[in-house]
Amino acid sequence: MPLEAVLGAVLLASLVLYAVSGGADFGGGMWDLLATGSRARRQREAIEHSIAPIWEANHVWLILVIVVLFTAFPPAFAAIMTALHIPMTAILLGIVLRGSAFVFRKYDALDDRVHRRWSFVFGASSLFTPFLLGLCLGALASGDIRVAGGRTLSGFFAGWTSAFAVACGLFAQGLFAFLAATYLTVDTEGDRAVQADFRKRALAAGLSLAPAAAVTFVLAQRGAPTIFVGLTDWWAPWLLGVTSVCAVGALCALWVRRFRWARLAAVGQVVCILLGWGFAQFPYLVVPDVTLTGSAAEPATLSILVWALLAGTVVLLPSFGYLFYVFKGGPGRRKTRN
Amino acid sequence: MTDLFFARAQMAVSLGFHIVFAAVGIGMPLLMAVAEGRWLRTGDAVCLELAKRWARGTAVLFAVGAVSGTVLSFELGLLWPTFMEFAGGIFGLPFALEGFAFFTEAIFLGIYLYGWDRIPRVAHWLAGVVVAVSGMASGVFVVTANAWMNAPTGFELVDRRPVRIDPIAAMLNPASLQQVIHMTLAAYVATGLAVAGIHAFFLRRDRESRFHRRALAIALAVAGVATPLQAVSGDFLARMVAERQTAKFAAMEAHYRTAAGAALIIGGIPDDETMQTRYALRIPYGLSLLAHQDPGATVLGLEAIPRDEWPPTRVVHWAFDLMVASGLAMLALVAWAGWLAWRRRRIPDQPWLLRMLVAATPLGFVAIEAGWVVTEVGRQPWIIYKVMRTSEAVTPMPGLVVPFVVFSAVYLLLGAILLVVLRRQFVDTTSGDLDAA
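Each protein sequence line maps, in turn, to chains A and B.
Numbering of the first sequence is given in the numbering used here, commencing with residue 1 and proceeding in unit increments.
Numbering of the second sequence is given in the numbering used here, commencing with residue 1001 and proceeding in unit increments.
If you're looking for bench data, these hints aren't it; they were derived computationally from the structure.
Heads up, some of the hints might be wrong.
As the list claims (entries may be wrong) - Lysine to aspartate or glutamate pairs mimicking DMTMM-like chemistry, simulated, CA-CA at most 20 Å apart:
1) B:K1052 / A:D108
2) A:K328 / A:E48
3) A:K328 / B:D1117
4) B:K1386 / B:E1303
Throw the hints in and build the complete structure from the sequences for me.
This is how it looks when you write it as structure tokens:
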């Protein structure tokens, strides 16, 4: 496989990993914002307990996406950051506010008032940032961003202001909310009442994904024709089949309270959806003017980057394994929740 | 004011904000690992308490550092797309390596902060050591990327495009080693002295506190080793700049006229029009000696450089003098503390020393900020030295005053909140009888 395709696959894989890890942390923030009823404080504590040790490591996947993009495909990075300057800047604000509010709340919640204030900032930024991420991915697929000779020709509002991009943003929010609620059912095994709250939320979010996906798909026909054509390729029915099995499986597992199975199926569903988008968009980074091959750096850069990524992965995998072993279960896990 | 001005201002604010947290992220894990290691070795519960307290503050600072670092990686493209289009393939490699170092740091910091009761003691301490090492490595990688902007190598220019790219040569450019050593030591000096200052403050209130006494000892030990080394590394770096970045060096020293046996100019008001520096302190032959170890050596002045390639002389000269003055003050302080400790064979706690340590709390960070002003403003008008001008690199996006104002306001607010949060962390948790622990 040519190196630029390998690095394109790395980009997609990092994005998928960011969605299923960091995306769920955003979802946790949404449920924090929507925490209601007599158990609101317990729900918030469960969310905090669940994401506190891992959210910073999860966040690095996004940085990896950016770094691989600007090292391997510099003109694509320049074009994307120029055409999407406005939503990307808003994403940065969301990232800064969310991370800061989260640690401030954790270490400085002296009373309920302060706690609520930081909770609101944390929750609100967790809600709007995924919307903007979806908006940007939708814009890349839309075909509205035009680039020639290193210049962005379509201005600063192309792509991300379309109905299709908005649908992508809403879909991303729903997806992350669904993931987070499903994860939280596993993480709250020690507290049945809160677990039942998150089960209800996961079911609601999961069910809402079906119409949201349908609307996005319909809007893609005009809003992202290249992707739409890609989704009629030979592999598309297969992937759609697997996605549907995962989606239905996740909902059924939630219904019968097999939460670990539900978590697995939900991850499978998100992975399939993003792979579908990636395959449909291949070989474009920005439809229709920026391709993997057309924007790739010199082979020397690509090959050394692949080696660096391999070496990094050798360090990374056991480290992540250990992190999740310590905090997310493993045979000797202590089920203390205090 | 132009969009270029606001792009530069936004970058400066973002870097100036992030670098404080980056330095703390390199320095604090070392202090924590030393404290916890001492607890493992001696069983001294005060050391364990210290590691735990430091970890709480570090958790907050690290989170803000992580998100403000993310802002920078995006801003490279948001503000300087033409630069990144040119340079991404050349100097992207250290950023990718930094990504993995940062991954490792974030993973093991999570384990360190939340794993006190979940993993064996030695494993916990080792997690802390991994955080310290990977934190340092992240800094090293990022600084090599910056060094490349000062000493661009690893490519050839054909039709203004880079070809025959060698990312390894770019990473190991002639400025890398000097800059990496200087910045890494700066992180240890600044963090060590800031922590020493905070604990000196509490020690002045409660002279018998074993907790603050032990904290002061560890922080001073780290700063005491790093500060003298930093003086040597500063000289090492300045000689490289004198040789390779003539304009930056001349601006640092406010040295206008090429001269043999050049004097060292300290302070004063550089005037680009008359090419003189008024009201300055002059040390005869000083500059020739420092730059070339020869009192008669010729040092190129700004006059040797085309006028449109001059950096802003005053900013660079004053920032450089501020950095050196802060550095020398810190050196004197740790020498004094070291002398007292050696003479009395105990942790130094003389009232005047404590007072001075409290006063010097922010000094390391002042030096870091001033040093980065020298590096970055001193390279102007170039974004890649002698290859691409900053004005060519800027985004076509109009209205950059808006993100500049927004980010400045957010960072100002965050900084203020952080001070309150950290203060409350410390004051609230430090009242009570720790020595009984």
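Practice problem: Sort out whether A:D108 lies within 20 Å of B:K1052, counting only the CA atoms. | Solution: Given pair B:K1052, A:D108 holds - Cα atoms ~16 Å apart, limit 20 Å.
Quiz item: Are the Cα atoms of B:K1386 and B:E1303 separated by 20 Å or less?
Solution: Holds, at roughly 17 Å.
Exercise. Quickly compare the C-alpha distance for A:K328 and A:E48 to 20 Å and report which way the hint goes.
Key: Between A:K328 and A:E48 the Cα gap is close to 14 Å, so the pair holds against 20 Å.
Quiz item: Holds or violated: A:K328 with B:D1117, Cα cutoff 20 Å?
Solution: Since the Cα atoms of A:K328 and B:D1117 sit roughly 15 Å apart, the hinted pair holds (cutoff 20 Å).
Hint violations for this structure: none, all hints satisfied.
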